[in-house]
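Q: The hints should help you fit chain B onto chain A, whose structure is shown.
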Amino acid sequence: MSEVKKIATRVSYGNALVELGNEHDDLVVLTADLAAATKTEIFLKAHPDKHINCGIAEANMTDIAVGLALTGKVPFCSSFAMFSAGRAFEQVRNSIGYPHVNVKIGATHAGISVGEDGASHQCNEDIALMRTIPGMVIISPADDVEARAAVKAAYEYEGPVYLRFGRAGVPVFNDESTYKFEMGKGIVLKEGKDVSIIATGLTVPESLEAANMLAKDGIDAEVINIHTIKPIDEELILKTAKKTGRVVTAEEHSVIGGLGSAVCDVLSAKLPTLVKKIGMQDVFGESGSASALIHKYQLDAEGIYDQIKEFMK
Amino acid sequence: MDNLELQKMANEIRKGIVTAVHAAKAGHPGGSLSCADIMTYLYFEEMNIDPKDPKKEDRDRFVLSKGHCAPALYSTLANRGYFPVEDLVTLRKLGSHLQGHPCMAHTPGVDMNTGSLGQGVSVATGMALSAKLSNDSYRVYTVLGDGELAEGQVWEAAMFAGFKKLDNLVVIVDNNGLQIDGPITEVCDSNPIDEKFKAFNFHVITINAHDFDQIRAAFKEARETKGMPTCIVAKSIKGKDVSFMENSVAWHGVAPNDEQYEIAMADLEKVGEALCQK
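Taken in sequence, the protein lines are chains A and B. Reminder that position 242 of the first sequence reads as 242 in the working numbering, one-by-one numbering, no gaps. Reminder that position 164 of the second sequence reads as 164 in the working numbering, one-by-one numbering, no gaps.
Just chain A, same shape as in the assembly (with noise of 0.2 Å):
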């Protein structure tokens, strides 16, 4: 992996809000005094007459959206996954989700890949309370490639949507010409026979290192990208469970409530299978260099590896 272009999503997300600004006079993008660190100083840069900075107050930022919103605009709302699902989420549960409204939420920041900024502003609960919210979409997206095809879809579809993105660079592993995002739809990276390795946002390129190193043991995993969580490809994770009869699931995001619990919620009620997720093992985390974290808390190829090796025994 080391060879591959690495980009963070957030990157992805400015450059896509630029070219959807260049072809649509009705996107508006909001931020709350964030718009280096969230890249939308890229489409400032590009559209400043529909950049809003809206200060430091990242409620009143969500239902401006909410406002623009039902005025004909397409906003995309702009802060950290702490802030944009954590501060704002009434906000979020009832001016955007009661009322089904179409605002699009950008979400930069979330994980642990966060960094050195420590566990105050590492977001591992975004994905599960936006769950919870009737009529929410939430996409993940794993790299620059599908970050920025996300964006665009996201901004097609009408309702709600919660975009997650990440600090860090990831590597870009999916190939632009024969890419293609389709909303709800996993994709089937490796095929396997052995067991089912379910995937989203940046565990998704570790997962596919992951199996190459057991293949190496003689385990033969399939990979899979989930990049829309909700709603979730439930005829895809039950063909896959079908097939390995056992699955993992990874996440940059706590154990409870993200990928690993849809995947679950998903089995449980037709497939009974067992399941080992992989990720923030209900613990909040800390301070240091993003590579530093993904390896400590296990995020990374021979974490996954390992869980795996010691879940398949």
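If you are wondering where the hints come from, they were derived from the structure by calculation, not from laboratory data. Any given hint might turn out to be false.
Using C-beta positions, here's what the derived DEER-type ranges look like [to be verified]: (1) Thr206/B - Glu286/A: 48 to 54 Å; (2) His24/A - Glu273/B: 56 to 62 Å; (3) Asp189/B - Asp265/A: 32 to 38 Å; (4) Leu94/B - Asn212/A: 54 to 60 Å; (5) Arg223/B - Asp175/A: 55 to 61 Å.
Partner residues are not named here, just some residues of chain B that face chain A (Cβ under 7 Å, in silico) [as the list claims (entries may be wrong)]: (6) Ser116; (7) Ser130; (8) Asn257.
Some residues of chain A that are not near chain B, with every Cβ distance over 12 Å (derived) [what the hints assert, rightly or not]: (9) Glu3; (10) Asp26; (11) Leu34; (12) Ala69; (13) Lys73; (14) Gly86; (15) Arg93; (16) Thr132; (17) Lys152; (18) Ala153; (19) Asp217; (20) Leu267; (21) Val283; (22) Glu286; (23) His295.
Yeah, the Cβ is synthetic: ideal placement off N, Cα and C, and Gly gets one too.
A: Using the frame of chain A, we list chain B on its own:
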């Protein structure tokens, strides 16, 4: 409408409020009655709206930030012709389009779901900003409670609206002085309300919320005010025109029983008859 016609309509709207809350056996009569004259003026005189075309694009927008006073909004919309007045007795009942708090998917004429205090004023601010961004001429009105002013989000919105010079936004504070747990001066005093909004770069007008001359003048002044949003501090009487509800904390969120309902309606009939003598 002249003042007498507005007064008569406000009286009808108050009857609708009391009837709806009585039928629901729950709801918020006090704060609904206190803002009834403001609601009447907005929907019968001030706003560019069309009950036959509730979603028309260039309409003025209204957001009831104090969403618990839904009975006032519903009674106003019904009397304005958005839906039959007879629907008011279905308030809060299963299957009714009149939810406990405003819901735009259900009720024609409702521009935003509210109920969680502090959020409506931000949404209204977003609508006003939207009009500025696309050079649309519609105006945006929002009614807040004075207890609601304790919500920090109100001041986030106020700071933003003042900074963005949203002169197409009118924030009306229904200043009846009482909130669910007691007088605002005892719970968490929001006074001085006028000075606070002035400090957030609003043009502030203080009026008697039950005097249509003052209401008319205030909205005219708001229209003529350029370069800053307007806040109308409307000094009102909670439970207005129902003898036993006036200025009573107890009637914030309680429905009248059958006997109390008869007295309340008799009080309102009396007010209506007096208006007919004029």
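Q: All hints, please: hold or fail.
A: Results of checking the hints against the structure:
no.: 1; hint: Thr206/B - Glu286/A: 48 to 54 Å; result: holds (53 Å)
no.: 2; hint: His24/A - Glu273/B: 56 to 62 Å; result: holds (58 Å)
no.: 3; hint: Asp189/B - Asp265/A: 32 to 38 Å; result: violated (48 Å)
no.: 4; hint: Leu94/B - Asn212/A: 54 to 60 Å; result: holds (57 Å)
no.: 5; hint: Arg223/B - Asp175/A: 55 to 61 Å; result: holds (58 Å)
no.: 6; hint: Ser116; result: holds (5 Å)
no.: 7; hint: Ser130; result: holds (4 Å)
no.: 8; hint: Asn257; result: violated (32 Å)
no.: 9; hint: Glu3; result: holds (45 Å)
no.: 10; hint: Asp26; result: violated (9 Å)
no.: 11; hint: Leu34; result: holds (15 Å)
no.: 12; hint: Ala69; result: violated (8 Å)
no.: 13; hint: Lys73; result: violated (6 Å)
no.: 14; hint: Gly86; result: holds (15 Å)
no.: 15; hint: Arg93; result: violated (9 Å)
no.: 16; hint: Thr132; result: holds (16 Å)
no.: 17; hint: Lys152; result: holds (22 Å)
no.: 18; hint: Ala153; result: holds (24 Å)
no.: 19; hint: Asp217; result: holds (53 Å)
no.: 20; hint: Leu267; result: holds (33 Å)
no.: 21; hint: Val283; result: holds (31 Å)
no.: 22; hint: Glu286; result: holds (30 Å)
no.: 23; hint: His295; result: holds (39 Å)
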